[in-house]
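K.L.:
Protein chains in written order, with the working numbering: chain V, 153 to 582; chain E, -18 to 261.
Derived by calculation from the structure, the hints in this document are not laboratory data.
Treat each hint with caution, since some may be false.
Each computed SDA-like pair below joins lysine to any residue, with the alpha-carbon atoms no more than 20 Å apart [said to hold, decoys possible]:
hint : chain 1 : residue 1 : chain 2 : residue 2
1    : E       : K65       : E       : S236
2    : E       : K260      : V       : V238
3    : E       : K114      : V       : S212
4    : E       : K19       : E       : Q210
5    : E       : K226      : V       : H369
6    : E       : K226      : V       : V238
7    : E       : K231      : E       : K19
8    : E       : K226      : V       : G241
The model shown is predicted, which means the values in this text are computed figures rather than measured ones.
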Amino acid sequence: MSGHLSTYEPKYGVTKWLDKRLPIVRMGADFMTYPSPRNLNYWWTFGGILTLCLMVQIISGIILAMHYTANVDVAFSDVQRIRRDVPFGWLIQPMHAVGAAMFFFAVYIHMFRGLYYGSYKAPREMTWILGCIIYLIMMATAFLGYTLPWGQMSFWGATVISNFFTAVPFVGEALQQWILGGYSVDNATLNRFFALHYLLPFLIAAIVGLHIWAFHHTGQNNPVGIEPKSKEDTLPFHPFYTVKDAFAIVVFLLIFAFFIFYYPDALGHADNYIEADPLATPAHIVPEWYFLPFYAILRAVPDKLMGLLLMVGAIAVLFILPWLDTSKVRSMRFRPVTRIWFILFLINSFILGWCGAATPSDIAIPMGEGKGLNFLWLSRISTLYYFAYFLLILPIMGMIEKPKELPESITKSVLGGSSSGGVPSGGASS
Amino acid sequence: MRLTLKTALVAATALGLAAFAGVKVAEAAGGGDSKYKKKVEWGFNGFTGKFDRHAMQRGYQVYQEVCSSCHQLKFMSFRHLGDKGGPFYDKKYPNPIDNPVVKYIAKNYPVPIQDIDWDTGEDLPRDGKPVDKFPSPYPNDVAAAAANFGKAPPDLSVMAKARPDGANHIYSFLLGYDKDDNMFNKFLGTKVAMPDQLFDGKVEYEVIKVQNKDGSVKEIQPPEATREQMAKDVTEFLMWTADPKMEARKSLGLSVMIYLLILAGLLFFAYKEVWRNVKH
């Protein structure tokens, strides 16, 4: 909450001196005593998990950059050299590659949590929009980074995606050549992709700072979606949420470590162990799993420009979401009908991912012999629902739906009917 | 059944896993004909999987006597053979360049190392040393392609990872040739530039000598060099060249997982303790 009073008292000469000039210790102390809603569930731990993911990617990435050369002649063999000869390179390289997938896994949960509990609604629009910007830069960073190992999928993925820029009217081809630094994906492309891949994570880190600042100003949303009204409704961040976040982070790390140590290649594509060859196109060019839903949207229409616009639109619509959802009730817990639409939206996202991985002409849902719904039409239906959810369902449901009765306060919602046992033992009453 | 968030999550996760499995199945199918796919219970699979050192040594022999006349291992140096986890590792020689087996292999490798005379700058082919990379059997890629129907034989260093289910892929490929047409591979379903290479007894496996603690030497008789045995051994070797640090990774992984599990348990109890009197 913005009204959070600082309880920090500098004790020593140095901290007193510093507090008058740069109250950085106070900032950290206030962060720890920050009153957080007492009912935050495990879905709220993904903010901390994502911060960790970003740090893991930046640290492992800087170490990899010390051993990597962005040149088409040696990029592929450099990755092999890192895995074979660099001390602990066999650990750091898979950590970075698996880390990207884990980062997206966490960010998708974080975003669906925001969608379900209405975290994007006033007064938290800026937190949501900053989050969307982070997600957008994450996508760019992941795409650029995937080019660097210079395998077949790196090369052909970059070729396919950069080809879409030619769909831009009038300047398309010039734009594509400007981006690639030539007529095709080549050394100039690899060099600039490396430079940008190194730059963007720091941009993400800066925007993460703003993202955290924004929700510390408005206060966190919570599962019932009503603002804290009294001291009873909140708990200090430390120790209550530091310990809860720490537990969740370690569980997340267990999954992370499982992939790094036992299945480092399970999330990738075997073709990327073949060095990039501009003369040999792989049979199926598929992006990494975290881009599959958008890839399905891109391929859902026959026209290149329309496909591009739809894909850009699929992300752009997130930015205006706070103004599309007309309901004043944040949490889906109290929106019985919209909640079902949301669950369908969640399932629909997986169907889109499934379509993105498949060959469009293959049969997805068999209906009789040799007939059925193919992936192209399934992705069209799913794309339609994706946009309908944001552009029709949320605006209309807000107007016609009768939400359930909201609880009086967070504490009341937690305690149910009884009123005993409500006072936390910790520092919340201080 | 009421459509709750939990059931939806379960459904969505199942759908996601199904899609993922679908991708993997499609991928595996793209890599060969499942009818001719042979599956082996490899010892290197699983959480505590390890390479079979003797199989790797025999596999290296197959590579050197059969494969290496066309295929390079360009990401490998001779010294890697003596690394911890490698086929010729000997704990007496923690630095593999001192390992006499590695030295012997490098020195007697059939293809010389192309060096230059450091006084005149003239070409000077010389014997290999442990620090040298495995040399290419061809002077350059064009020569490699010209000698092989226009397609240079692929490098084998990471081949076992460059195909879905790589180990079984290589094994099935090597044994997938048509009996009547030694250029037709039934597993790939196409003619290939490489004719059938393996026939029974093509390689004469060396007797493996192991020194006992008391100094006496124990001889281990190798298995018969059948087609299947050679294919299996060379696959074991190529899996190692593709993932030479697998054993180190899996053994550290076990410690990390145990550590994280204990930490998660402690943190869970800390969480329960901190939140003991707080309803939430």
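K.L.:
Would you mind marking each hint as holding or not holding in the structure?
P.N.:
Now the hints, each set against the structure:
1. E:K65 / E:S236: The given pair, whose Cα atoms are some 18 Å apart, holds under the 20 Å limit.
2. E:K260 / V:V238: Given pair K260 (chain E), V238 (chain V) is violated - Cα atoms ~51 Å apart, limit 20 Å.
3. E:K114 / V:S212: The hint is violated at about 28 Å.
4. E:K19 / E:Q210: The given pair, whose Cα atoms are some 13 Å apart, holds under the 20 Å limit.
5. E:K226 / V:H369: 48 Å, violated
6. E:K226 / V:V238: Holds: K226 (chain E) and V238 (chain V) sit about 11 Å apart, inside 20 Å.
7. E:K231 / E:K19: 26 Å, violated
8. E:K226 / V:G241: 10 Å, holds
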